[in-house]
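**Student:** As given, the protein sequences belong to chains A and B, one line each in that order.
When the letters of the first sequence are read in order and numbered with our numbering, they come out as residues -9 to 100.
When the letters of the second sequence are read in order and numbered with our numbering, they come out as residues 9 to 126.
Hints listed in this document are in silico derivations from the structure and should not be mistaken for laboratory results.
Careful, some of the hints might be misleading.
Label pairs and their computed distance ranges (CB to CB) [unchecked claim]:
#1 B:Ser126 x A:Ser3: 42 to 52 Å
#2 A:Ser57 x B:Ser71: 23 to 33 Å
#3 B:Ser83 x A:Ser57: 35 to 45 Å
Keep in mind it's a predicted model, so treat the numbers as computed, not measured.
No residue lacks a Cβ here, since even glycine has one placed at the ideal position from N, Cα and C.
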Amino acid sequence: QSALTQPASVSGSPGQSITISCTGTSSDVGGYNYVSWYQQHPGNAPKLMIYDVTNRPSGVSNRFSGSKSGNTASLTISGLQAEDEADYYCSSYTTSSTVLFGGGTKLTVL
Amino acid sequence: EVQLVQSGAEVKKPGESLKISCKVSGSTFTNYWIGWVRQMPGKGLEWMGIIYPGDSDTRYSPSFQGQVTISADKSITTAYLQWSSLKASDTAMYYCVISQTLYSFDYWGQGTLVPVSS
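Start from the sequences, fold in the hints, and give me the full structure.
**Tutor:** See below:
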């Protein structure tokens, strides 16, 4: 199983919106609405930001939103803030009853 | 609140065995999936496998099947990840995770660093 495909890096200025893509296949992203997104700051454990494609856990800012079209899921962060600078990972359930992560995207807030 | 507390860092040599732990509190242990995620130095996240302590149903990533063993002890609400013979390439941070659904990880442990070097 190959990792889901994410851009290595994205950047944006404070206040702007950015979108991170996560591309898989019909056996994972495209086959289920079970895509999650995680935020990881350096030296810390990851944190769940989005689950089931579009849902935010309690306590996560509504500046974070998720969507999916076909085999590609996306995470959008609006109103970028300095604290959003981190690594972001997507994950998806697969037809093999396993979970695949994406390779990760480093977000830089300029 | 759910808490996952992992065992401390372990410095090991190639060929040695190891079992690291993840103590879960604040939840009904047998109603959740407990998984393990590897992060090699400077690299991304890799899902290793997961166990449902309620019935011991265990799933492994094909990349880790046969390389590690995941287990759980309901009596002390603790999950384990073990190796019978470590390799230098096992050097990584290992996170335990808890999930209500198997596929999204609501809470993460603090991580256990496992350096393997001769």
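**Student:** Determine for every hint whether it applies to the structure shown.
**Tutor:** Results for each hint:
Look at serine 126 (chain B) against serine 3 (chain A): about 48 Å separates their beta carbons, and that is inside 42 to 52 Å. One distance hint, 23 to 33 Å for the beta-carbon pair serine 57 (chain A) and serine 71 (chain B), holds here, with the actual separation near 29 Å. For serine 83 (chain B) and serine 57 (chain A), the Cβ-Cβ distance of about 43 Å falls inside the hinted range of 35 to 45 Å, so the restraint holds.
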